[in-house]
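Residue numbers (the numbering used here), protein chains in the order written: chain L, 2 to 339; chain G, 14 to 350.
Derived from the structure by calculation, the hints contain no laboratory data.
The C-beta atom is built at its ideal place from N, Cα and C for all residues, glycine as well.
Where hints are given, some of them may not hold.
Computed list of chain G residues with no C-beta within reach of chain L, every gap over 10 Å [to be verified]:
(1) 30
(2) 247
(3) 330
(4) 347
Only pairs whose alpha carbons sit at most 27 Å apart, straight line, appear in this in silico BS3-like list of lysine-lysine [unchecked claim]:
(5) G/54 <-> G/91
(6) L/255 <-> G/158
(7) L/255 <-> G/162
(8) L/255 <-> G/32
(9) G/32 <-> L/235
(10) L/255 <-> G/91
(11) G/102 <-> L/235
(12) G/102 <-> G/91
Sample of chain G residues facing chain L (criterion: CB under 8 Å; computed from the structure) [claimed, not checked]:
(13) 76
(14) 106
(15) 122
(16) 123
(17) 124
(18) 125
(19) 126
(20) 136
(21) 137
(22) 141
(23) 182
(24) 184
(25) 198
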Amino acid sequence: MTRTQVQIIERILAAIPIMLGVVILAFLFMRMIPGDPVDIMMGEAGGVTHEEMASLRAQFDLDKSLPVQLVLYLGRLFKGDMGYSLQRARPVKEIILEAVPATVELALFSLLFALILGIPLGIASARYQNSIVDRIGMATSFLGISMPGFWLGIIGIIVFSLGLGWLPTSGRITYGMAPKSITGLMTLDALITANTGALKDALRYLALPAVTMGAGVAAVVARVTRSSMLEALKTDYVLFAKAKGVPDRTVTIKHALRNALIPTVTVVGLQVGTLLGGNMIVETIFGWPGLGRIVVDAIFSRDYPLVQAAVMVYALTFVVINLATDIFYTYLNPKMTL
Amino acid sequence: MDAVKKSEELPVLQVSGLKTEFPTPRGIVHAVRGIDFTLEKGDILAIVGESGCGKSASLLSIMRLIPHPGRIVEGSIKFEGKELLRFSKAEMRGVRGKDMAMVFQDPMTTLNPAYRVGEQISESLQVHGLLSGFPKRLLRREREKERAKVMELLRQVGIPSPEHRHLEYPYQFSGGMQQRILIAIALACRPKIILADEPTTALDVTVQAQVLDLMQEINEEFGTSIILVTHDLGVAAEFCDKAAVMYAGQIVESGNIEDVLSSPLHPYTQGLLRSIPQIGQRNELIPIEGDVPDLTDLSPGCSFAPRCRDAYSYCNNIEPPLIVLDNGREVRCHLHM
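Start from the sequences and build out the full structure, keeping to the hints where you can.
Here you go:
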């Protein structure tokens, strides 16, 4: 095994205590919020006796002391049992597994949009510093950073869905068009099953939310790429590459960009975490059946097991993304180690 | 090479009246102010001077690599009789690295940290069509050809066990080894001229000598002409045939290296020689008083006059012409009218 492989395994092992800490914190934080699930459920139902509430609490282990509850919870978790959603009366695992692909798909397309727009814009702005391209690009990106997602989303719906009627307002796919579920990502499943109709349909539903979420990321990526490219283009190795007779475009992409991407990768890594974890608002605006919406519901209904599981998924996402970012660093700069 | 044959051949490089300027917010920096020199095949020319006197700008001008917004304003750069200033961008790219190669001062920052050194060596060969580029280079036969060529170059510049080291990254080499790799890259396409910009400044003294020896070997073996930019007169004396002393963007004195060093004509050259220590002698070192002039705001006269111990009053007002003396010597000073 190479040194890098050993280091990757070490990093994965180091993630275990992190995950455990996150699980315990999520468990405690949820119980610090006043009112337990039974209060909320019965408050809505009305006319329930204290005895009935006590027996429900006993059923959910809520009558036991906190440490006992925690031990019981962790014990089940180690067996792979994430529990039962108190509000939805379904296994938490099922709910999460349904919602995660939707969130991942949206995040992936937002990221794709951000990178396809942001990186070339950053390169062009740096390459032609102070030109029209640079000025317009940076002014737009400033707008992109400043514009809140919910506002951009609503404007998008008003213009492209209600006004022009080009795109659907909400949802993931037209009813009955969904391809056979394999990975849970609509576009990927449509590709695998060669279902072009479903692919087109899914892309139409993705367009607005992906652009809404990706706009801010694209702006950040463009700005970071621009500034690190400006530096890279001034380096000796770029001048040396030109002195070797390497064509300008190759110099920019092969010699400058590869080195300039390190800060971009850092930013993208952080942004991916936000895309996967912080998209409750966009998911709500576009009625996207992802994890973000489920978490919001679950918190309001004190659905302890579901919130805890969702927090676990978020934490795992960050751990994985950080590791992926670090691995990518070593590819960009061979001198770095994990 | 005998004298008759040499006179028939065109000089490899002929620079005349070359002027390069950089517009800045403070005004125009006149970095190179009309330099002339000729480089014959196999010559080693030293361009000597303090930092900021236009040495590096001269080299970059010859390669037409002056960074934006700087530009060559006038003059002529003839490579084997062909005017480089009239070359298209694509034609110029064909010259860079192939006919004229550069070696920079700090190998640490000149090699790209992200690529293996073997890759960086073969790149110029690929660019100039001497090795197959992507995707053809992925073929086994081409890969082996590439490997053999890289190995040969690394061996030529004295890198031990090239079969392992060509796969390493720049940071895994010492400064001296990195400079050898730069020289290998410069050497790859067998250029007619190597332009070396302070190639030994960043190196230890013992390593300096090795790198200079290597360049001398290349000069002798392949007849490569070399322009060595340096601020170190010792290096110039040991290694070069001719010297051009630069001050404030002009060549103030040039000639055979022995002549220039043993009987310097220009007060600036004399001052430079007085200010370097000699081993075994306890002469007091005399620095040149004053500072290099501001290249945005030059006086109409001799730019060295304000620091010159021998200056006449008119030196400040009238620019001295280039005076051609016997034995190929030239000097730009009123004292030799």
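Hint check:
Every CB of chain L lies more than 10 Å from the CB of residue 30 of chain G, the least distance being 24 Å, so the non-interface label holds. The claim that residue 247 of chain G lies off the interface holds: its Cβ sits roughly 25 Å from the closest Cβ of chain L, which is beyond the 10 Å cut-off. For residue 330 of chain G, the requirement that its beta carbon stay farther than 10 Å from each beta carbon of chain L is met, with the minimum near 39 Å. With 10 Å as the threshold on Cβ separation, the claim that residue 347 of chain G sits away from chain L holds: the shortest Cβ distance comes to roughly 38 Å.
The suggested pairing of residue 54 of chain G with residue 91 of chain G holds, with an alpha-carbon distance near 13 Å, which does not exceed 27 Å. This hinted pair checks out: residue 255 of chain L and residue 158 of chain G have alpha carbons roughly 23 Å apart, not beyond 27 Å. The suggested pairing of residue 255 of chain L with residue 162 of chain G holds, with an alpha-carbon distance near 22 Å, which does not exceed 27 Å. For the hint linking residue 255 of chain L to residue 32 of chain G, the alpha-carbon distance of about 32 Å lies beyond 27 Å, and the restraint is violated.
Restraint check for residue 32 of chain G and residue 235 of chain L: the C-alpha separation of about 23 Å stays at or below 27 Å, so the hint holds. For a cut-off of 27 Å, the pair hint linking residue 255 of chain L to residue 91 of chain G is broken: about 31 Å separates their Cα positions. Between residue 102 of chain G and residue 235 of chain L the alpha-carbon distance is near 20 Å, which keeps this suggested pair within the 27 Å criterion. With a C-alpha separation of about 16 Å, the suggested pair residue 102 of chain G and residue 91 of chain G falls inside the 27 Å cut-off, and the hint holds.
A cut of 8 Å between beta carbons decides the hint on residue 76 of chain G: the least distance to chain L is about 6 Å, and the hint holds. Taken as an interface hint, residue 106 of chain G checks out: its beta carbon lies about 5 Å from the nearest beta carbon of chain L, inside 8 Å. At its closest, the beta carbon of residue 122 of chain G sits 4 Å from a beta carbon of chain L; the interface hint therefore holds under the 8 Å criterion. Proximity of residue 123 of chain G to chain L holds as hinted, the smallest CB-CB distance being about 4 Å (cut-off 8 Å).
A least Cβ separation of about 6 Å between residue 124 of chain G and chain L falls short of the 8 Å threshold, and the interface hint therefore holds. At a threshold of 8 Å, the smallest CB-CB gap from residue 125 of chain G to chain L is about 4 Å, leaving the interface hint in force. For residue 126 of chain G, the interface hint holds, since its Cβ comes within 8 Å of a Cβ in chain L; the closest pair sits about 6 Å apart. Restraint check, residue 136 of chain G versus chain L: the minimum CB separation of about 6 Å is within 8 Å; hint holds.
The interface hint given for residue 137 of chain G holds, since its Cβ lies 4 Å from the closest Cβ of chain L, which is under the 8 Å cut-off. For the restraint placing residue 141 of chain G at the interface with chain L, the shortest Cβ-Cβ distance is roughly 6 Å, inside the 8 Å limit, so the hint holds. A cut of 8 Å between beta carbons decides the hint on residue 182 of chain G: the least distance to chain L is about 4 Å, and the hint holds. Annotation: residue 184 of chain G was flagged as interfacial toward chain L, and the flag holds, the nearest CB pair being 5 Å apart, inside 8 Å.
With its C-beta approaching chain L no nearer than about 7 Å, residue 198 of chain G sits inside the 8 Å limit, and its interface hint holds.
The structure fails to meet hints 8, 10 from the earlier list, while all remaining hints are met.
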